[in-house]
Amino acid sequence: MNEKVWIVELIMENKPAARDPVGETIRKDLLSKKNFNMVTNLHSGQYLRVTINAENKDHAKLLVEKMCNHLRIFNPITQNLNIIKITQLD
Amino acid sequence: MSIKIAVIQFPGSNCDLDVIHVLNNVIGIEASLIWHNHFKESQFDGAIMPGGFSFGDYLRSGIIAAHSPAIDEAKVMVKDGRPIIGICNGFQILTEAQLLPGALLRNDSLKFICKWVMLRVENNNTAFTRKMKRGDVIHIPIAHGEGQYYTDRLKELEENNQIVFRYSNEKGEVTHNANPNGSLENIAGVCNLEQNCLGLMPHPERASEAILSPDRTTHGILFFESMVDFIKRRRG
Chain H
317 MNEKVWIVEL IMENKPAARD PVGETIRKDL LSKKNFNMVT NLHSGQYLRV
367 TINAENKDHA KLLVEKMCNH LRIFNPITQN LNIIKITQLD
Chain D
-19 MSIKIAVIQF PGSNCDLDVI HVLNNVIGIE ASLIWHNHFK ESQFDGAIMP
31 GGFSFGDYLR SGIIAAHSPA IDEAKVMVKD GRPIIGICNG FQILTEAQLL
81 PGALLRNDSL KFICKWVMLR VENNNTAFTR KMKRGDVIHI PIAHGEGQYY
131 TDRLKELEEN NQIVFRYSNE KGEVTHNANP NGSLENIAGV CNLEQNCLGL
181 MPHPERASEA ILSPDRTTHG ILFFESMVDF IKRRRG
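If you read the protein sequences in the order shown, they are chains H and D.
For the first sequence, the positions run 317 to 406 when this note's numbering is used.
For the second sequence, the positions run -19 to 216 when this note's numbering is used.
There may be inaccurate statements among the hints.
[Said to hold, decoys possible] Derived Cβ-Cβ restraints for the label pairs, each shown as a range:
id, chain 1, residue 1, chain 2, residue 2, range
1, H, S348, D, G36, 28 to 36 Å
2, D, E174, H, M354, 47 to 55 Å
3, H, I323, D, V6, 30 to 38 Å
4, H, Q404, D, K20, 20 to 28 Å
5, D, R215, H, A333, 53 to 61 Å
6, H, K401, D, R215, 52 to 60 Å
7, D, D52, H, L347, 40 to 48 Å
8, H, Q404, D, C94, 23 to 31 Å
9, D, S89, H, T403, 33 to 41 Å
[Unchecked claim] Computed far set for chain H versus chain D, every beta-carbon distance over 12 Å:
id, residue
10, E325
11, M328
12, E340
13, L347
14, H375
15, E381
16, T394
Treat the hints as calculated values from the structure; they're not laboratory data.
Remember, predicted model here, so these are calculated numbers, not experimental data.
Backbone N, C-alpha and C fix where the C-beta goes; we use that ideal spot for every residue, glycine too.
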């Protein structure tokens, strides 16, 4: 089996129904007060960068999704999980 | 036969000794401090997941502890009908372990809140509230940064009578001003379907002696007396 090293980057952010006080505060209490009224929405989240050995890109994605679901790395009640980038490490 | 209660200690627990003190010295039952890796459910009549922190609360409060061997043991205990309560971080652990419904988010103010609040008792049939009356207002402190309760199954919880406490004013009115952290529908505590597992953000162990209370009330003791009563009745 010829495994390669992959970097999988993922973001977890609160679902719209679950409030995001961090994002709300940055927008309302900082940006709006400092002349950045053009910002109409801002969401905070958590970022993880996973280095993983896998056969190919799809396998790397599958393994990370399995890990996140099985171990509740994200809380499905309050958060959405988005894999934003997968790159092969040279 | 004496009643034996385990107080589960995680790395970062800091209300564990307060609970031990109340059980041993105020209630007068045998309570043992048990490291989370050493907890064996078969040796105890009930368990308490205390407040504080666990594993630095990294990733999310309670999620790392929710994968501890202690939780596998706790699941057996809950299934068997024995009582388990999660207080503050213990509540977060029990929700992350899916022993209780919902999740705890950061307080809407983003501030750590430490103060005394009022709770209205919504369900007095649980293992920890049978010494209370429905509609009672109890005085109890909170101390948390992530206590905003959220569930995507609100209707189901209401129908199943799983909402045990709501933040209220001293008249028992559930108002916006009485909600310290933005919890959905002012929810402060919930139980499982079988009502032997309860979680809440407030700290009953800090409200069990008059000397600790600003108005000399000791409503917190009712939680532990209820648990003892539940265990005795269960034994028959």
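Can you tell me whether the CB distance of D/S89 to H/T403 sits inside 33 to 41 Å? holds, 39 Å
Okay, H/Q404 versus D/K20 on CB: inside 20 to 28 Å? violated, 46 Å
The output says H/E325 does not contact chain D. Does that hold with a beta carbon cutoff of 12 Å? Given that every Cβ of chain D is farther than 12 Å from that of H/E325, nearest at about 16 Å, it holds.
Against the range 53 to 61 Å, how does the distance between the Cβ atoms of D/R215 and H/A333 compare: consistent or not? The hinted range 53 to 61 Å is violated for D/R215 and H/A333, with Cβ atoms some 43 Å apart.
Looking only at beta-carbon atoms, does the pair D/D52, H/L347 fall within the given range of 40 to 48 Å? At roughly 46 Å between Cβ atoms, H/L347 and D/D52 fall inside 40 to 48 Å, so the hint holds.
Cβ distance range 30 to 38 Å for H/I323 and D/V6, holds or violated: For D/V6 against H/I323, whose Cβ atoms are near 54 Å apart, the range 30 to 38 Å is violated.
Hey, does H/E340 actually stay past 12 Å from chain D on C-beta? violated, 8 Å
Can you tell me whether the CB distance of H/Q404 to D/C94 sits inside 23 to 31 Å? violated, 49 Å
Over 12 Å from every CB of chain D: does H/E381 meet that, or does the non-interface label fail? Non-interface label on H/E381 holds, nearest chain D Cβ at 17 Å vs cutoff 12 Å.
Is H/T394 truly not at the interface, in the sense that its beta carbon sits beyond 12 Å from all beta carbons of chain D? violated, 5 Å
Could you check the hint for me, namely that H/S348 and D/G36 are 28 to 36 Å apart, CB to CB? holds, 33 Å
Just checking, H/L347 versus chain D, shortest CB gap more than 12 Å? Label holds. Min Cβ-Cβ 15 Å, cutoff 12 Å.
Checked against the numbered hints given earlier, the structure breaks hints 3, 4, 5, 8, 11, 12 and 16 and satisfies all the rest.
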